[in-house]
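Asker: Sequence:
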Amino acid sequence: MEFYRLSTLSKSIKACNSRLHIQHILNATYPRVDEASDNCFAEYERREREGGMFFSVHALMSHFSQPSTLEQLLSCDCDDCIDARNLTDYKLPVTDFTNDLRQEPLFLALMVYLGKLHYIYYWIKWGVYRTSLPCLHGCPNNNRPRLRECPKSNQHCLRRCPDDKDLERLLGSRRAASMFRTVYNRAFEMFSPVVLEIPESKVCPYLEPHELKRFPYLEEKPCITEGSFGAMKKLKIMSDYLHPTMRDRMKPYSTKEPLLFALKSVKIVPEAPLMNMERDVLSMVSRINDPASKNIITVMACYRWKESMHFLFPFVEADLSDLLCNNNRCPSHLREKLKAHEALPDHWLWQQIEGVSRALSAFHNQMVNPFKDVRGKVIALHFDLKPANILVTDGPDGATLKITDFGQSIIQIMDDDKEISVPHNTGDPRYSPPESQAPSQHSTRGSEDDLRVLLNYDVWSLGCIMIEVLTHLLDKDLAKFQKALAGSFFIKPTNLKQSIQDSFERFEQAFQYENGQAENMKDISGLKQRIKDSIEQFEQKAEYMKGVGLKPCVKDKFEQFEQASKHNRAQAEYMSKVIRLLQDMLHHDKNKREHSSTVTQKLTEARAKFEAVPHGEEPLDLAVEKNGFRDQKGFRQLGWDNGTSIVSFSQM
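Going by the numbering used here, 1376 is the number at position 509 of the sequence shown; the sequence numbering is gapless.
Rather than coming from a laboratory, the hints here were simulated on the basis of the structure.
C-beta atoms are modelled at their ideal positions from N, C-alpha and C, and glycine is treated no differently.
Heads up, some of the hints might be wrong.
As the list claims (entries may be wrong) - With a straight-line Cα cutoff of 30 angstroms, these simulated DSS-like cross-link-like pairs (lysine-lysine) come out:
(1) 1204 / 1118
(2) 1459 / 1444
(3) 1206 / 1350
(4) 1433 / 1161
(5) 1444 / 1422
(6) 1459 / 1206
(7) 1118 / 1080
As the list claims (entries may be wrong) - Here are the computed distance ranges between Cβ atoms for each label pair:
(8) 1423 / 1087: 43 to 53 angstroms
(9) 1195 / 1342: 11 to 21 angstroms
(10) 1064 / 1423: 48 to 58 angstroms
(11) 966 / 1101: 43 to 53 angstroms
(12) 1122 / 1036: 29 to 39 angstroms
(13) 1079 / 1198: 12 to 22 angstroms
(14) 1101 / 994: 37 to 47 angstroms
(15) 1198 / 1124: 12 to 22 angstroms
(16) 1154 / 947: 34 to 44 angstroms
(17) 1079 / 1031: 13 to 23 angstroms
(18) 1156 / 1088: 32 to 42 angstroms
Just need the whole structure built from these sequences, with the hints factored in.
Answerer: Structure representation (structure tokens):
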């Protein structure tokens, strides 16, 4: 609709009574436009054309459902309205159409917006199809939420555009009918924005709404993030169209109004399979059950619209990187380190790291194959696990870490009998394992062992994150550690083939210089080739990372962690287990690296053993008391701690 013409019509003295209500239409338009600005009409036109404009159903109902408004509109005596009411071929008793139309205030508002109020009589006489809209909590005349499928009245109804035959008869030509249909359908969607709803299954639905559809988003602001690809926006959903199931889904994040969401939009490119991969990953992730799901970002909606894929999530201000770097985006009470007498397992952040490990294990091992006719195991890898991709929420139930950004993730269904190659989508180099330096394909036949090795890519990343979290909690200098890293956690191997090549080139130059001729170069070249072939065979057989270890600053961290816990035997034993686990998680040989499931298992076992010892007690004292290591005279007998239990010296 041309807003200049609409606003001018509202000031007309001689016209349809609908002109008296146009300003109420403008007042119900969202997102708001400053009508006092010089370019307000151009901005209205741009938003309407690009699909960013819609109307508040509450504001429209508040005005157009008023008896005085209905009376003024339905008693209009302009020439157009009189002619439409009295058309001989379709004449109806006045009571028939007025009773119907009084029950359809939104339909009246739509026709006022189009400047064609008198068309309402044709629509009624032709029996044009009526579409019910959802009525949500707080809407006038209806305080109970209901769904599109079961309307209780006509209060929230719009009528579709008539068929071509009727339109052509009304407007006089096919072209005029086509143009009106285009304008009508676009306006129709502005009066009925998309209402996103969470199904009972809690599985994120995938939608493909028509490009004319409108989404009731407000205050859209770009987010500066380090996402793999795609644009991120922070936004609100107008309360008129915020479904109760969406509110329920947001409770773990916030109950404060207004609720904030994050929208990730990715341009559809045929050569970019990762975009569809992210959609599939998020759909399957939404099927993961508690407790693992508590540490994975909640997917609110996923839809394809206007040549882009869109993913809607709860908006979370801070991530783990903000927390570790003491960024003010993360609330100060969440950045607190271990207190003087606080044990590591008791700190909320470490408890949440355990939750992240549990979520990663579920992501790796508990994804359900949704295709009944496709045989095989679902394999999922995150490929970009890092602090910036772990959000920190501060909801009603306390602080929670949530894995997010599955843009680099790979998900495949692997048949046990077929060999497939899974690409390595390398993420942040700092948290990537040594195998990310190797060729970017991992071939496997789908055996259990092969699959676990493949999934160990993410385990390395989690190990790096855990080291940084421990550094923060133990009040060590994380910035200094990150500076010492200067990149990855491991020492990158030198290129043996390139070193050999350089050496032989220098040898050739020296030989030519000394002999002044190249008569023996053929023999030397043959020797060089044989040596190079041997080196190649050696590299193919040897693991890429053999003989290479963690950087010294990483090894130093293990010693610092151990020293920080030595004041208490129980905490020292717990830390010792954590350090051994970290060393196994950061094993350069991916075949010997811990799996995500065993990481969770070992953290659980370490916690159970720690909690079995009352705080302040020494394990040896407890064992003596428990096992009664006393002789007949009442003396206590010392024992030997073999790592798992106390053994009496008398039994050795």
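Asker: Between the alpha carbons of residue 1433 and residue 1161, is the straight-line distance 30 angstroms or under?
Answerer: violated, 33 angstroms
Asker: Given the hinted pair residue 1118 and residue 1080, is their Cα-Cα distance within 30 angstroms?
Answerer: holds, 27 angstroms
Asker: Check whether the Cα positions of residue 1459 and residue 1206 lie no farther apart than 30 angstroms.
Answerer: Roughly 36 angstroms separates the two Cα atoms, so the pair is violated.
Asker: Measuring from beta carbon to beta carbon, are residue 1101 and residue 994 in 37 to 47 angstroms?
Answerer: Because 45 angstroms falls inside the window, the suggested range holds.
Asker: That 12 to 22 angstroms hint for residue 1198 and residue 1124 (C-beta), does it hold up?
Answerer: Given a distance of about 19 angstroms, which is inside 12 to 22 angstroms, the answer is holds.
Asker: Take a look at whether the Cβ-Cβ distance between residue 1154 and residue 947 falls inside 34 to 44 angstroms.
Answerer: violated, 56 angstroms
Asker: That 29 to 39 angstroms hint for residue 1122 and residue 1036 (C-beta), does it hold up?
Answerer: violated, 55 angstroms
Asker: Between residue 1064 and residue 1423, does the C-beta distance stay in 48 to 58 angstroms?
Answerer: holds, 53 angstroms
Asker: Between residue 1079 and residue 1198, is the Cβ distance one that fits in 12 to 22 angstroms?
Answerer: violated, 42 angstroms
Asker: Would the hint linking residue 1459 and residue 1444 be met if the CA-CA limit is 30 angstroms?
Answerer: Status holds; Cα separation ~17 angstroms.
Asker: Between residue 1423 and residue 1087, does the beta-carbon spacing fit 43 to 53 angstroms?
Answerer: holds, 46 angstroms
Asker: CB of residue 966 to CB of residue 1101, is that within 43 to 53 angstroms?
Answerer: holds, 46 angstroms
Violated hints for the displayed structure, listed by number in ascending order: 4, 6, 12, 13 and 16.
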